[in-house]
Amino acid sequence: MRLVLLAPLLLLVACASAPILYPVVVPPSATAVKRVTATNRPVIGLALGGGAARGFAHIGVIKVLEKIGIRPDIVVGTSTGSFVGAFYAAGYDGAALEALAEELTESQLRDIVWPNRGIVKGERLQDFVNGRLGSRSIEELPIRYAAAATDLRSGTLAVMTRGNIGMAVRASSAIPGLFEPVVINGHEYVDGGLVSPVPVQSARDLGAELVIAVDITKRPEDTKVIASTTDVVVQALEIMVRNLSNQEMRSADVVVTPDTASLESLTFATRDDAIAAGAKATMAIVPRLRAMVAKVTERKLRALRAWPRAAP
1241 MRLVLLAPLL LLVACASAPI LYPVVVPPSA TAVKRVTATN RPVIGLALGG GAARGFAHIG
1301 VIKVLEKIGI RPDIVVGTST GSFVGAFYAA GYDGAALEAL AEELTESQLR DIVWPNRGIV
1361 KGERLQDFVN GRLGSRSIEE LPIRYAAAAT DLRSGTLAVM TRGNIGMAVR ASSAIPGLFE
1421 PVVINGHEYV DGGLVSPVPV QSARDLGAEL VIAVDITKRP EDTKVIASTT DVVVQALEIM
1481 VRNLSNQEMR SADVVVTPDT ASLESLTFAT RDDAIAAGAK ATMAIVPRLR AMVAKVTERK
1541 LRALRAWPRA AP
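In my numbering, the protein residues as written are 1241 to 1552.
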């Protein structure tokens, strides 16, 4: 019963639908994607992690990056990060993202049903994304974008780089058990956080030479009272996700960790606080961000200068 009551509020971390076959999103293993390249500067990737309504913190991060002149060439998102990342990659700047967040209501994204393998239909999330972004395909976006999902059958990471944007966000956000898997070309996809909570390596694979990771995954609480079966499951999932996040973030060049622990993850009521937390955490590491960009830029330029001499 507790899961049923929570379901309507989990819509930024997971919204899937009944298993309808959608041929437009091609599984990434079947389609090679050209890597992003740049000549005199590093290709910057932004890896946005999942975290339910705490994901509004991503907007604060983006606003500060814009303020200091850092504009990512690649955006890869998991779950909530796939939602925010889709709009950013489509051309929404920080101010537009904040305005979007302010007008969002849970009822715009909520459509509870009782399908065979979940309790949330979730078509409203897909329709919302497609409605705002004109049902464009991922490859049409001005910024390279990908959504990380999990192949339910194989348990492997699926990085969606082509096809319908709204559908990719749904697949990236489908918590198994609560939400129906999204079926695309015969593959069943669920929340990407199961295998890639903060998709750093996926950004690298798309060509990023410098990756900024935003981690809003919840830390397990050692003082938490674990009194029910649900508490046990939730704590176990938090431990799993935290360990996976730690592994991925080791390969990031810069990690932004907004302090969202005290914020509600199941309601939009704390969205302003989440945005502020993202901005605050990013402002605190501006010197490191600038230094890292300068370092990677210099390293790339040295390599470019040396390349003609090294060539036969």
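Wrong hints could be hidden among the right ones.
The following label-pair restraints were derived from C-beta to C-beta distances [to be verified]:
1. L1477 - E1342: 27 to 33 Å
2. N1483 - G1374: 34 to 40 Å
3. N1486 - K1535: 22 to 28 Å
4. I1466 - G1395: 35 to 41 Å
5. E1343 - M1480: 30 to 36 Å
Quick list of in silico lysine-lysine cross-link-like pairs, DSSO-like style, CA-CA up to 27 Å [what the hints assert, rightly or not]:
6. K1307 - K1520
7. K1274 - K1520
8. K1535 - K1274
9. K1307 - K1540
Hints are computed from structural coordinates only; laboratory data are not their basis. Even glycine gets a Cβ: it sits at the ideal position worked out from N, Cα and C.
Now for the hints, and whether the structure bears them out:
no.	hint	verdict
1	L1477 - E1342: 27 to 33 Å	holds, 30 Å
2	N1483 - G1374: 34 to 40 Å	holds, 39 Å
3	N1486 - K1535: 22 to 28 Å	holds, 23 Å
4	I1466 - G1395: 35 to 41 Å	violated, 26 Å
5	E1343 - M1480: 30 to 36 Å	holds, 34 Å
6	K1307 - K1520	holds, 13 Å
7	K1274 - K1520	violated, 35 Å
8	K1535 - K1274	holds, 25 Å
9	K1307 - K1540	holds, 24 Å
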